[in-house]
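Chemist: Chains as they are written, first to last, in our numbering: chain V, 1 to 118; chain U, 1 to 347; chain P, 1 to 169.
Do not rely on the hints blindly, as some may be mistaken.
[What the hints assert, rightly or not] Among the chain P residues that face chain V by a calculated CB cut under 8 Å, a handful are:
hint : residue
1    : Val61
2    : Ala129
3    : Arg134
4    : Thr138
5    : Ala141
6    : Ala148
7    : Leu151
8    : Ala154
9    : Ala158
[Said to hold, decoys possible] Pairs of lysine-lysine, DSBU-like flavour, derived with a Cα cap of 35 Å:
hint : chain 1 : residue 1 : chain 2 : residue 2
10   : V       : Lys111    : V       : Lys57
11   : U       : Lys323    : V       : Lys111
12   : U       : Lys323    : V       : Lys112
13   : U       : Lys16     : U       : Lys201
14   : V       : Lys57     : P       : Lys163
15   : U       : Lys90     : V       : Lys38
16   : U       : Lys86     : U       : Lys58
[To be verified] Sample of chain P residues lacking proximity to chain V, with all beta carbon distances greater than 12 Å (derived):
hint : residue
17   : Ser16
18   : Leu20
19   : Val26
20   : Phe28
21   : Met95
22   : Ala100
23   : Ala103
24   : Ser105
25   : Ala113
Note that these hints are calculated values from the structure, not bench results. Please read all numbers here as calculations on a predicted model, not as lab measurements. Cβ atoms here follow ideal geometry from the backbone N, Cα and C, with glycine treated the same way.
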Amino acid sequence: MLEQYGAIAILAGVAFIFPFIPLIASAMIHIRRPTHEKLLAYECGIDTIGRSWVQFKSSYFLYALAFVLFDVETAFLYPWAVVFRSMNAPAFLAMFVFMAILLLGLWYAWKKGALEWK
Amino acid sequence: MQESASLWVGLGRAIKQAVLAATGAPWVAELVHTLAGVVGILSIILLSALVLVYLERKVCAWMQMRLGPNRLGPYGIFQTIADIIKLMTKEDIQPAQVSPVMWGLAPVLLFMAAMTTYAVIPFDAGVIFADLNIGIFFFVAVGSQATLPMLMAGWASNNKYAMVGGMRTVAQMISYEIPLVFSLLGVVMITGSMKMSDIVKAQEGLWFIVTQPIAFVVYLIASVAETNRTPFDLVEAESELVAGPFTEYSGMRWAYFFLAEYAFMVGASCIAATLFLGGWNGPFLPGWIWFFIKVAAMIFLFMWFRWTFPRIRVDQLMSFGWKVLLPLSIVNVVVTGIGLWLFFPLV
Amino acid sequence: MENGGLMHTLAFFLLSGITLAAAMGVVFKRNLVHSAFLLSVTFLGVAGLYMTLQAEFMAAVQALVYSGAVAVLVVIGVMLTHRQQMSRSNPPNKMLLVGALAALSVVGAIVWAILATPWKVGKGSVVTAGDIGRRFLTDFAPPFEAVALLLLAALIGAVVLFKGGKAQS
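Build out the structure end to end from the sequences listed, making use of the hints.
Modeler: Below you can see the structure in the form of structure tokens.
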């Protein structure tokens, strides 16, 4: 099994290094004539007003939080999905209780309008 | 399995034996065999991108009753080559305000995530880079790494369009990742394994698209959204955000975003073909040709979507993901669970 | 491979190095957003370490949940906070001595825990995702449900925080 992951490490390593080859090749042949205007932030020809690193609205954070919670749930669901057919009834029901509790959370968020994009 | 299924397996074995005979060291042979697989995956990604850039424009043209690229070579088939030469020789502008290291790394990391997912795609019986026990979960885990590079690109560009695009990408990708992951669960439940080869073998009789139609539809929609393609291309909505996170990129760096996007699209099509369309299973033809046909059909579907549906609004996007796809995928899991446990328990 | 042991050791030190270097970056980088992104590298390094322990499912969960979700949450959280100057958002402070003492005491506690634990060499069988699922549904069913309650509480807490802020403004 570790050999497989060793192979994947090699794959990931090549995947990391490979993009630099065309980038370097391109750097060697392309023209380079930077001017002040060219290096400005692209904004339809108008100079940027204020900073770009601005504060974002909090609804992004709420979605991210809900995402983390459901992501954690998947980590529990996959092991269950693999074995549930060979388990007895209480074990089978345990998962549905688990899912029901989380659905309660989704229903609450829905009801409170937290899933609304404003 | 099939007679000609051994074509690629045989090639791999021949390489291994040739190296073993030449060097006498088993680990060198093993390493060369692995590297051959890496080269194989790399060429699949590059070739498919080469063909898809051209095909996308042709398919679009046909759907709009136009001719599409037709100047370079017969039917314009050399168009992509010209595009590559153009991109290679283009000036690589690094705007003054960017955060250089992160800005430069973002496209590379995105491509890295895209390419690593190919490790678990079974192109034919025995032709899989690593047939992991957690196969499909590996795809999900590595695929989820695509969110951060997009955010990185958006933030490091230090440009308002890029920033808004980057934040939108995150909101969209995290909202559709959950339905995507849940839709794959049904297949794992039926198979009782996350191993790709087991999943394909379980479909020798009946493809899972028949038993899991809801999951297939949810997966299809969610993967269109995950790859940021129209109608879910709010991230790079040209008419409002210039090019989203890619605004400040030019030349080859910009090309990498598109290479990664195509790699993700082909990867998502491969997973759809494997999990729902029976993978390499099929009569008469060799397995890899069947796989190719199924993946091509899926890619055509992706392109068809792109030129059929208009872009949706952000609020529609979010409510569709959370209020339609997520409940639908959960219902699918529950129904599949009850059905399987009542009628096909393994106890 | 014949020199699998060597490769294994090399992989361990490489991954530990990446994890530690990224963790140092999280602490010492002046830009908070850079720190947040480096955090995801730390998480991936830990995922790699799980892999060397043959816990492949745990490694994938680590990558999916921590690097794919928690790191995104942290980055968004950092971006939500309003800073005058991003490049100096993670300034060093004068608590170096106190910080070093706190760090040392944590290291001490961990070392003590490692030395005090009677380590047993495992049977060498690989724990699969199926094994984990079976344990969840049998021996560990009550904690398993408790996790669901915890997640529910977190979700409700998030919604209340979000909505509460809305009502007052």
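Chemist: Evaluate the condition: distance from the CB of leucine 20 of chain P to the nearest CB of chain V exceeds 12 Å.
Modeler: holds (18 Å)
Chemist: Far enough from chain V: is every CB of that chain over 12 Å from the CB of alanine 100 of chain P?
Modeler: holds (32 Å)
Chemist: Can we confirm that no CB of chain V comes within 12 Å of the CB of methionine 95 of chain P?
Modeler: holds (27 Å)
Chemist: Just to be careful: measuring from the Cβ of alanine 148 of chain P to every Cβ in chain V, is the smallest value less than 8 Å?
Modeler: Status holds, d = 4 Å.
Chemist: Does lysine 57 of chain V sit within 35 Å of lysine 111 of chain V, going by the straight-line distance between their CA atoms?
Modeler: At roughly 21 Å apart (the allowed maximum being 35 Å), lysine 57 of chain V and lysine 111 of chain V satisfy the hint.
Chemist: Against chain V, with CB atoms and a cut of 8 Å, does the hint on valine 61 of chain P hold up?
Modeler: OK, holds: valine 61 of chain P within 8 Å of chain V, min 4 Å.
Chemist: Hold the hint about alanine 141 of chain P up to the distance rule: shortest CB distance to chain V must be less than 8 Å.
Modeler: This interface hint holds because 5 Å falls under the 8 Å limit.
Chemist: Does the structure keep lysine 86 of chain U and lysine 58 of chain U at a Cα separation of 35 Å or less?
Modeler: holds (19 Å)
Chemist: If we take the beta carbon of phenylalanine 28 of chain P, is the closest beta carbon in chain V still more than 12 Å away?
Modeler: The claim stands: phenylalanine 28 of chain P keeps its Cβ more than 12 Å from every Cβ of chain V (closest is about 21 Å).
Chemist: With d taken as the least Cβ-Cβ distance between alanine 113 of chain P and chain V, does d exceed 12 Å?
Modeler: Fine: 26 Å to the nearest Cβ keeps alanine 113 of chain P off the interface.
Chemist: Measuring from the C-beta of threonine 138 of chain P to each C-beta in chain V, is the shortest one below 8 Å?
Modeler: With a minimum Cβ separation of about 6 Å from chain V (threshold 8 Å), the hint on threonine 138 of chain P holds.
Chemist: Interface hint check: arginine 134 of chain P, Cβ to nearest Cβ on chain V, cutoff 8 Å. Holds or violated?
Modeler: Because about 5 Å separates arginine 134 of chain P from the closest Cβ in chain V, which is inside the 8 Å limit, the hint holds.
Consistency note: the structure conflicts with none of the earlier hints.
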